[in-house]
Amino acid sequence: MKLLKLIFPIFLLLLIYSCDGGLSPNIEENIKPGFGGKITFIGSWNKDINLTYIVLFKDPLLTESDFNANNLKFVSDPIPKGTKEFFYNTIDNKSFGKIDPGQYAYLAVVQSPALILNLTRSSWTVAGIYTDVSNNLPQGKIIVTATEFSNDVNIVCDFNNPPPQPPGGSK
Amino acid sequence: MKKFGIISFFILIVFLSQSVKAQTYSISGTVLDSRNKPLIGANVIITNTLTGTATDQRGNFLISGLRGGKYSLKISMVGYETNISEQNIDSYSISGIVIKLNSVTYQAGQVIVSAGKYEQNLIDLPVSASLISADQISKKNYKTLDEAIRDVPGVSVTLDQVSIRGSSGYSRGAGSRVFVAFDGIPIYTGDTGEIIWELIPVNEIDRIEIIKGATSSLYGSTAIGGVINILSKKISSTPLTFVKSYIGVYDNPAHDQWRWNNKIRSYNGLTVSHTQKIGKLGISASVYRTENYSYRQNDYDKLLGGYFKLSYNFTEKSALDIWGTGYARQRESFLYWQDFQNILVPPSGDIGDSQPSNRHIVGLTYIHVISDQFVLSIKPSVYRTFWRDDSESSNNSTSYLYRAELQGIYKFDQKLTFINGLETQFGSIKSNIFGNRNSESFGLFSQFEYNFKIPFKVTAGARYSYSKLDGFSAESSLSPKLGINYKISPIVVLRGSVGTGFRAPTLAEAYTSTTTSGLSIKPNPNIKSENNISFETGINYQLNENYNLDLAIYHNEYYNFIEPVLDPLDTKITFENITRARIQGIELNLKSSYFDNTLNINLGYNYLYPRDIELNKDLNYRSRHQVIASAEWNVDIFTIGAGFRYLSRIKEINNELVDFGLIPNGDKRVDIKVLDLRFGANLFTRGFPLRIYLNAYNILNYTYVEMIGNVAPIRNFSVNAEWLF
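Taken in order, these protein sequences are the chains called A and B. Taking the working numbering, the leading residue of the first sequence gets 230, the next gets one more, and so forth. Taking the working numbering, the leading residue of the second sequence gets 33, the next gets one more, and so forth.
Just chain A, same shape as in the assembly (with noise of 0.2 Å):
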């Protein structure tokens, strides 16, 4: 019988335990991190491409290799061909990704000849990189908050004056 007192007490701990719910949307509700804006297209589209996507990465890309599925974290939806002014945000344009609160490194659109998707980077070419020029930041970097969501990460697209290309590219 001592054993039961002891018993009882548990089973009503578990109870008392048990009765916060479990999963609830309102955590998600107040939680939007991401970002969206427009990407301008400047001059004449290359015949030749066939993809183009707003990406983000994590780190850095400092070699060909730093190209891949681990540090890439968001490819937006494909943008068509030809277009000029291209509107996005990153939850409702969104091929894949997901956005969490944090630095990431580069933004960029990228384009490529390929009919398909894939991570080989010698068949990519960056057409624009964003620009935080309000806060100061490194071309490319971009800073998501927790509980902000920023709607003019706008990207410019200049065909005639293209970007930097990161390392790896088409040789």
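Worth flagging that the hints you see were computed from the coordinates, not collected in a lab. Every residue, glycine too, gets a C-beta built ideally from N, C-alpha and C. Any given hint could turn out to be false.
Stated by the list, open to error - Think about it this way: if two alpha-carbon atoms lie no more than 25 Å apart in a straight line, the pair counts; the simulated BS3-like pairs of lysine-lysine are:
(1) Lys604/B - Lys287/A
(2) Lys106/B - Lys349/B
(3) Lys623/B - Lys234/A
(4) Lys267/A - Lys313/A
(5) Lys106/B - Lys312/B
(6) Lys649/B - Lys287/A
(7) Lys683/B - Lys287/A
(8) Lys267/A - Lys323/A
(9) Lys649/B - Lys560/B
(10) Lys265/B - Lys132/B
(11) Lys323/A - Lys604/B
(12) Lys519/B - Lys443/B
(13) Lys313/A - Lys323/A
What the hints assert, rightly or not - Some chain B residues close to chain A (C-beta under 7 Å, calculated; not the full set):
(14) Ala286
(15) Gln289
(16) Val690
(17) Asp691
(18) Tyr734
(19) Tyr736
Unchecked claim - Label-pair restraints from in silico Cβ distances:
(20) Ser277/B - Cys248/A: 31 to 37 Å
(21) Ser298/B - Ser352/A: 51 to 57 Å
(22) Ser352/A - Asn464/B: 27 to 33 Å
(23) Asp599/B - Cys248/A: 41 to 47 Å
(24) Trp274/A - Gln289/B: 39 to 45 Å
(25) Leu244/A - Ser277/B: 28 to 34 Å
(26) Pro309/A - Tyr639/B: 53 to 59 Å
Fit chain B to the supplied structure of chain A, relying on the hints for placement.
Just chain B, lined up with the frame of chain A:
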């Protein structure tokens, strides 16, 4: 040739059944519990023979066709102490004997057949084991077996994939590390190697035996993490018809945002079975139908199944059992949720997807008691599965698994028991995701148990396993095992074991190539077998007849451990040998009873430390802490019960599936805390052929996931009624 074989088989049956025509007698009686209530389904067997029966709805049994002589009746039932009754038939039949079985807190006086492939007392085993009785299955209205084993400490189930002490994570069923068998015949499929729990009708189960820890030395490749052996009911000597019907409804989800449908979501099932003996032939047959409208969209499930068992006793010393079970099923596909705002709804592209399937298995067991010392058995089986994805992927698979086992048990005397056997298996698949492949395996095992004069038992054995998959080199392994059991005193028993295990990859792990719901899986032509070495030590302490404490400490080292991983180069999932894993843990079980055994309370706790040694992190989909608690109070015909299940939040998942957006918000997970309540009345004991139970599952409507992107059943209520006449 086939005709010749069939004719020979029947000639053999006729020949064996022409036993000596002599004066025969019978033994009949009643089995009661300590409160003089009849026990239904208790097994009554004449020792050293294959003659036996099960008690009917009044607890009565009848064993006929006996010649004069001394007989020893063994009466057993899960939850009760086994009773031996000596009977002497001189020149007349014996009737009206009354046998009482006392309930036990621990299964001290109970027998188990799965640990050594022959009958052993549970308390004498060198490894940890648990039992689930038919009565528990009935009271809790478990609709499928996986629901029942979720309530066993040390056992967890992720969706439908079972894991004993963290042996498996989640891999959509591919490559089970638990050997699951029905009457000793394995029921894993020939293609994916998964367990289809719905294949076994729960009303035909006498008990479920669970052996925790590597048992590859006896059972081979799949038993690297443990064994679950489902034992079928014995056939009653009197005709019995059983009807079970249940209906249940799901409540609304805990948050209105997650409601996707205003209709009542329900589930229901109906089982009709009959069992009787006609002379030496025992017949049992069931048909069952289940339907579940589910709490989730595109998750409807309808199943129509059938089961039969024929038992023929040629003589007291030789018997044949043939059983078969199968079903046709139509199930919609819910792989993962749309997102966290729509957790009960699949991605819009998946709506309308479904998976029709049908699966059939037939098994045969022939046992011949050649002498009081030597018993020989043969167990062939064939298992056919078919399934098809009615979705964009159009995946389909048809597989056959043929298997046979020959086993001999030799008891030199009361001290030494030898068990030897060989097993062979051939699998064949035709599939658009696995290809057209064959597999074959062969095993040879030998084990002995020696009882020393002091209460000390040693078990030692080994198994040689050979395995070959199409396109892969053959692999073989020797899996030895050593176990001890030492009764320090009548109330304290020490046990310990060390053994190695081996698991060959399944065809699914080697060859799967598909894309479904955005998830791509690719084959791994370099996959190898995995191995482990496992250690366990335990102590059982029977404080008095009302309290039993059991403690086990286990340690498993895995080599070339196979887990599903995402290849970062192409974002496809593949099964890989992740090289090294270590799983350690402690399991504690306390069983207690009060008020003349009317109140039973059980507490189980399991701590798991599952590590990927290479990456220095937890293995995926394993909870570190598990608590299983249950209480049941029986007052006259009434039963009130509660069950609580806790699993700590899984530390590691396939994060890549979330990071790449394949399963939106898939990282959302919490501790698992599920409380179930039940109330029922058993009128069988009052002579009325009905028992009825009300169950409330997840009464707190706790929202949780076992597998990422998959909400487990929300609060639901069911009523089940059983008629026995």
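**Q.** Distance restraint between Lys106/B and Lys312/B, which requires alpha-carbon spacing of 25 Å or less
**A.** With Cα atoms ~20 Å apart, Lys106/B and Lys312/B stay inside 25 Å; holds.
(Q) Tell me if the beta carbons of Leu244/A and Ser277/B are separated by a distance inside 28 to 34 Å. (A) holds, 32 Å
Q: With a cut-off of 25 Å on the C-alpha distance, tell me whether Lys323/A and Lys604/B pass.
A: Satisfied, since the Cα-Cα distance of roughly 19 Å is no more than 25 Å.
Q. Given the proposed pairing of Lys106/B with Lys349/B, does the C-alpha separation stay at or below 25 Å?
A. With Cα atoms ~16 Å apart, Lys106/B and Lys349/B stay inside 25 Å; holds.
(Q) Can you tell me whether the CB distance of Ser277/B to Cys248/A sits inside 31 to 37 Å? (A) Roughly 34 Å apart at Cβ, these two residues keep to the hinted range, so it holds.
Q | CB-CB spacing for Tyr639/B and Pro309/A relative to the 53 to 59 Å hint | A | holds, 55 Å
(Q) For Lys604/B and Lys287/A, compute the direct alpha-carbon distance and say whether it is at most 25 Å. (A) holds, 20 Å
Q.
The hint names Tyr736/B as touching chain A; please verify it with the least Cβ-Cβ distance against 7 Å.
A. Cβ of Tyr736/B sits 5 Å from chain A, so the hint holds.
Q: Below or equal to 25 Å on CA atoms is what counts here, so check Lys267/A against Lys313/A.
A: Given that 25 Å is the threshold and the Cα spacing comes to 10 Å, the pair holds.
Q: Hint says 27 to 33 Å; check whether the CB-CB distance for Ser352/A and Asn464/B agrees.
A: Between Ser352/A and Asn464/B, where Cβ atoms are some 30 Å apart, the hint holds.
Q: Starting from the hint 51 to 57 Å, judge whether the C-beta atoms of Ser298/B and Ser352/A obey it.
A: Holds, since Ser298/B and Ser352/A (Cβ atoms, about 54 Å apart) stay within the stated range.
Q.
What's the verdict on Lys683/B and Lys287/A, does the C-alpha distance respect the 25 Å limit or exceed it?
A. Holds, at roughly 23 Å.
Comparing the model with each earlier hint shows no violations; every hint is respected.
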